[in-house]
Amino acid sequence: MPFEFIDNNAPIDRASRKRIRSRAATGKNANRTLVRAPKAHILRNPAASTPFKAPTSLHKTRENQQNKGDDDLIVEIGRPVDDGLEFPIRVHPESRYLVREALFFFTNIRHNPQLDGALVNPDNMRSLWVRYFFQDEAYFHCSVATSILCSKNRVDETAQGMRHIAHTYRIVQERLHGKEATSDMTIAILIVMSQYDRLQGQYMRGFIHVQGLYRMAQLRGGVVKLSRECWGIAQKLLRADLEYALQLGSKTLFGDDGIEALCEMGFPYVGNGEQVDSGDGSELDSFLKQTLRTELWAVFADMRRLGAMLNDASAGRRRKLDGVDFHCSILLLGYRILKLNPLDEALGTAMSDLENVIQLGLLAFLVTFLTGLDHRILDKPLLSRRLRLAIKMLSASKDAGQQSQLVQRVIMWSLFVGSAAVFKCSEDDWLNPMTQATMRTLGLYAWEDAKKVLTGFPWVDALHDRAGIVLCSTQILLKFSGATDQFF
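So the sequence shown is numbered by the numbering used here: it starts at 8 and just counts up by one.
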C-alpha cells in the first residue's frame with residue numbers, strides 16, 4: 008500500500024479528511040458496515056440507554072401508567088439517595104441531622120482538649136460505643152437523647168430528646184424481663200442512661216441505674232470477670248460508679264474489686280498502692296511522708312508522678328501517654344482515694360486537718376480529668392464545701408504553727424487546685440483573702456514564684472496554669488487596688 012504524506016501546516020479540506028479516515032479504517036474493520044439501532048427503538052427500550060439497572064418497581068410503575076399522560080405520571084423511588092448510614096430504626100428526614108450530630112458527638116475525643124499534646128487519642132470510630140449506635144434500638148434512642156441534652160438546642164429538639172429517652176425506658180423495661188437482662192448491650196444502655204440523668208442533675212435517679220449495673224456485674228461473676236470478657240464496658244461501668252460516689256459522697260460500690268479490675272485492665276501508669284514511693288528527699292516530701300498515713304502518701308506520690316509525666320509529654324521530653332491506659336490510671340487513683348475516706352464524713356474515719364486538705368485537694372486534682380460528655384467539669388458542691396472548710400480549719404489549727412511554711416505550701420496548693428476544679432466565682436469573697444494571706448506568708452508576689460511552690464505537688468501545666476495565673480493576678484490587682492485606696 009503506497010504511503011501518502013499530509014502537510015500538517017496546510018489547511019485540511021473535507022476531501023483530505025475523508026481520505027485520512029478511509030486509510031485509517033483499512034484494517035480489521037475494512038469493508039464492514041456499522042449497524043446502529045434506530046433512535047426510536049432506544050426510546051422505547053429504557054434499559055438500552057440506562058447505564059445502571061433501574062429498580063423493578065420503577066418499570067412496573069411505568070407499565071401501569073402507560074395510558075396516562077406525562078403530566079399525570081408519578082414515579083415512586085424505592086430508596087432516596089442520602090448519606091448511606093443505616094440505623095436500627097427508620098429515621099424521619101427532618102430528624103436525620105440530629106442523629107448525625109449524635110453520632111459525631113459520641114466519636115469525639117472525651118479527654119480535655121488541653122491534653123492533646125500529652126495523650127494519644129483512641130480511635131473512637133472503632134469503639135463498641137459507636138458500633139452499638141448502629142445495632143441496638145434502645146442504645147440508639149438513649150444516645151440521641153443524651154446528645155440533644157448536651158447540645159441544648161431548640162425547644163422542639165428537646166421534645167425529640169424526651170421522646171427518645173421514653174422509647175429507651177420502654178425497651179429496657181421489656182429487655183430486663185428477658186434473656187438479655189445482663190448482656191453487654193443492656194449494661195451499655197444503662198451506663199448511657201446513668202450519664203443522661205447525671206447531665207440532668209438527677210443524681211438519685213441515676214444512682215438507681217448504677218446500683219442496677221452493680222447487680223448485673225455480680226450476676227456476670229463480678230466486675231473482674233466482666234473486665235476480662237469486655238474491658239471497654241467494665242471501664243465505663245467503673246467510671247460511672249466513681250463519678251456518682253464523688254457527686255453523692257458515698258463509697259464506691261465495687262471497692263476493692265474495682266481496684267483489682269483496673270489493675271488488670273490495660274497498663275495503668277500507677278499501681279494499686281502496695282509499693283510506696285520514697286519521695287525525692289526534699290523537705291516537703293520528708294514532712295508529708297512522716298505526717299500522712301501510708302496509703303494517702305502513696306496516692307499523693309502517684310498523682311504527682313502522673314502529673315509530671317503529662318508535663319514531660321506536653322513539653323516533648325517523653326513519648327505521649329496512651330489515652331486508654333491514662334484513663335484507667337485516673338479511675339484507679341480515684342478508687343484508692345475514696346477507699347481511704349468517702350466524701351460523706353459520716354461514712355469515713357477520722358483524719359487530721361492536714362490529711363483532710365491533702366485528700367480533698369487530690370480529689371479536686373482528679374476531678375479536672377473527669378470531664379463530662381460535653382467536655383465540661385460538672386459542679387461538685389459537696390467536694391467544694393468540704394475542701395473550703397478543711398482549708399479554713401487547717402489554717403486556724405495548731406498544725407499550722409508547727410512546720411508552718413510547709414503547711415502554708417499545702418494550703419496554697421489546695422487553694423490553687425481547688426480554683427481550677429471546684430471553686431466558683433461566688434466563693435471569691437473568702438478565696439481571694441485566703442490566697443492573698445497565704446502568698447504573703449510565703450513571700451510570693453508573682454505567678455513565677457507561686458509556680459515554683461506548686462511544682463512540689465500534683466499539678467499539670469496544660470490544665471491548671473490558666474486558673475492559677477488568674478487567681479494569682481487577682482491577688483496582685485487587689486493588692487494594687489488596696490494601695491491606691493490608701494494613697495487617696
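Hints listed in this document are in silico derivations from the structure and should not be mistaken for laboratory results. Just so you know, not all the hints are guaranteed correct.
[As the list claims (entries may be wrong)] Pair ranges (Cβ atoms, derived):
| id | residue 1 | residue 2 | range |
| --- | --- | --- | --- |
| 1 | 352 | 447 | 42 to 52 angstroms |
| 2 | 212 | 97 | 25 to 35 angstroms |
| 3 | 293 | 209 | 21 to 31 angstroms |
| 4 | 215 | 289 | 42 to 52 angstroms |
| 5 | 450 | 352 | 57 to 67 angstroms |
Please read these numbers as outputs of a predicted model, since none were measured by experiment. Backbone N, C-alpha and C fix where the C-beta goes; we use that ideal spot for every residue, glycine too.
Do the hints match the structure? See the list:
In this structure the supplied range 42 to 52 angstroms is violated for residue 352 paired with residue 447, their Cβ-Cβ distance being about 31 angstroms. Between residue 212 and residue 97 the C-beta distance comes to about 30 angstroms, which sits within the given range of 25 to 35 angstroms. A hinted range of 21 to 31 angstroms is violated for the C-beta pair residue 293 and residue 209, which are about 47 angstroms apart. Taking the beta carbon of each, residue 215 and residue 289 are about 47 angstroms apart, inside 42 to 52 angstroms as hinted.
Separation of residue 450 from residue 352 is about 35 angstroms and departs from the stated range, judged on CB atoms against 57 to 67 angstroms.
Figure legend: structure checked against the earlier numbered hints; hints not met, in rising order: 1, 3 and 5.
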